[in-house]
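Undergrad: Chain by chain, the residues run as shown.
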Amino acid sequence: MSYRALFALLAVAALIGAGMSTTAAQAQGSANASLSAPDVLIKTLSEDVLASIRKDPSLQSGDIARLNALVDEKILPHVNFEKMTRLAVGRSWRDATAEQRQALTREFRAVLVRTYAGAVSTAKDYQVQMKPFRAEPNETDVTVRTQAVPARGEPIQLDYRLEKTGSEWKIYDVNVLGVWLVENYRNTFTSEISRGGIDGLIKSLVERSKALEGKRS
Amino acid sequence: MRAPGALARLVALLVLAGGLASGKRLGPRLRGGDEPATGSVGARLGALVLAGGLVGCASIPQGAGTNPVDPWEVYNRHMFDVNDRVDRAVIKPIAQAYEAVLPEDVRVCINNAFLNLAEPINSINNLLQGKPGAAVADLCRFAVNSTVGLLGCFDVAAKAGAPRSHEDFGQTLGRWGLVPGPYFVLPLLGPSSVRDTFGRLFDFLRTDLLWYIRDIPTRNVLVGARLVDTRASLLPAEKVLDAAALDKYQFVRDGYLQVRRNLVYDGDPPRLRDPDDENDVPPPEPATGMKKAAPDQPPPAPAR
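Those protein sequence lines, which keep their order, are chains W and B.
The first sequence begins at 1 in this note's numbering and counts up by one.
The second sequence begins at 1001 in this note's numbering and counts up by one.
By construction, these hints were calculated from the structure, which means they are not laboratory data.
Note that beta-carbon positions come from the ideal geometry of N, C-alpha and C, so glycine has one too.
Among the clues, some could well be false.
As the list claims (entries may be wrong) - Beta-carbon label-pair distances, calculated as ranges:
1) Thr-1218/B / Lys-203/W: 52 to 58 Å
2) Gln-102/W / Pro-1068/B: 29 to 35 Å
3) Arg-91/W / Arg-1107/B: 23 to 29 Å
4) Lys-203/W / Pro-1217/B: 49 to 55 Å
5) Glu-154/W / Thr-1147/B: 19 to 25 Å
6) Gln-102/W / Leu-1150/B: 56 to 62 Å
7) Leu-76/W / Pro-1071/B: 38 to 44 Å
8) Glu-168/W / Cys-1140/B: 34 to 40 Å
9) Arg-1107/B / Ser-194/W: 41 to 47 Å
Unchecked claim - Within a straight-line C-alpha distance of at most 16 Å, the following computed EDC-like cross-link-like pairs (lysine to aspartate or glutamate) qualify:
10) Lys-1159/B / Glu-154/W
11) Lys-131/W / Asp-1268/B
12) Lys-1248/B / Asp-1081/B
13) Lys-203/W / Glu-107/W
14) Lys-1239/B / Glu-213/W
15) Lys-131/W / Asp-1266/B
16) Lys-124/W / Glu-47/W
17) Lys-1248/B / Glu-183/W
Work out the full structure, taking the sequences as your base and the hints as a guide.
TA: The structure is reproduced here in structure tokens:
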């Protein structure tokens, strides 16, 4: 059972891979989705993303440029990367300059995109099922629970945290098989910062992206 | 790859691991069955010596052990490193060969069969956690999949709407209110905690069906096969782990602890407060007062 932790990480992959790759086909749909209820947003987004992956061989093969373009164009409007990064960085965020905050957000995102590029191919065999969603109408911070069901095998728990900003819901954390992304990076970030400061963490993130880039090419 | 050599080493490791986990039964067998229970000490010592011989290669960052969840970080990092070396040298190559040689259908069948053998563990622990309905469901799954599902090869019960549960005694202890205690990397078995180590021991000794097999060679082969099956099923996840982690040790540790907490609460744990986010730049939000007033309450309070 100890290996379930590892398995969970796969999940993160399939998941964010999924969350990060909508296609042009869904442009209008997702624009509307952000105005509606958070569970509807997640459902629409998940289905779009899976549909897109299924019909796009270059995404399935992990084409970074393509994935990045898609993230920028389709996913970014629904994800609050800055909040995601701020929560992962924790206490030190308030000591960071505006430039450092931008760099952290940018480089963290780059690592996530590159990480999950490799896993997008596995996402195409999944169907997303929504779990019951309960929230008061005036709530501004909710968890939406879903599961990704493979053609065979066991469903993967896939939850999202969203925050309402103005009239829009934005994702700021993802959970795969019980592992919240932000929480899983927080200790690592704290250690990096205690060793090399905020610039040390930025440097580590940049190096991680470069290492992944090297591996891929 | 020199398969016979690798296999011999794997078997030796398995025997040692078994000795560590359930020394009472395996120990005497290891010595040819002619020794009383003290043989178990030998097996355990053997494993520790083996581990000790490999220790000293991990790099220990400054500040190790200061995280409250991981006071034994220095030891843990060494053991993590040892496990990683053993894995790369022996277990992973076998798992890769297994994946390359057997068609997916066969591997899925084998995986299902091993998971089916864990149904009694699921059932007993569901019962101990006060979920008699789930305990009965697990037994029904076991009965149906062992027969109609051809010794567990096919998970027909899941198709009929009875999904598999994943319970063990560590979760039961957690459900009873026991905290995990310090994170603890076990030799060969990997990530654990003090609580989960006791849980595993109980599972091995009392509820793991494989350990009830009388014929020792058969049992050892099955235990080895189960290990390879488990390892092979993790190969895809490992790629992601290698890519995602700035520090693999921390990433695995924090992931393990989260997964276990999630399992104790059956996928719906109470939300932890986001530490250090009190300086959260407040977005323009309606004055519900909800978020600031109770930061560690999950908004849609799940009925437990």
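Undergrad: If a hint holds in the structure, say so; if it doesn't, say that too.
TA: Here's how the hints hold up against the structure:
no.	hint	result
1	Thr-1218/B / Lys-203/W: 52 to 58 Å	54 Å, holds
2	Gln-102/W / Pro-1068/B: 29 to 35 Å	32 Å, holds
3	Arg-91/W / Arg-1107/B: 23 to 29 Å	45 Å, violated
4	Lys-203/W / Pro-1217/B: 49 to 55 Å	54 Å, holds
5	Glu-154/W / Thr-1147/B: 19 to 25 Å	21 Å, holds
6	Gln-102/W / Leu-1150/B: 56 to 62 Å	58 Å, holds
7	Leu-76/W / Pro-1071/B: 38 to 44 Å	41 Å, holds
8	Glu-168/W / Cys-1140/B: 34 to 40 Å	46 Å, violated
9	Arg-1107/B / Ser-194/W: 41 to 47 Å	43 Å, holds
10	Lys-1159/B / Glu-154/W	11 Å, holds
11	Lys-131/W / Asp-1268/B	12 Å, holds
12	Lys-1248/B / Asp-1081/B	10 Å, holds
13	Lys-203/W / Glu-107/W	9 Å, holds
14	Lys-1239/B / Glu-213/W	14 Å, holds
15	Lys-131/W / Asp-1266/B	14 Å, holds
16	Lys-124/W / Glu-47/W	11 Å, holds
17	Lys-1248/B / Glu-183/W	15 Å, holds
Hints 3, 8, counting from the list given before, are not met by this structure.
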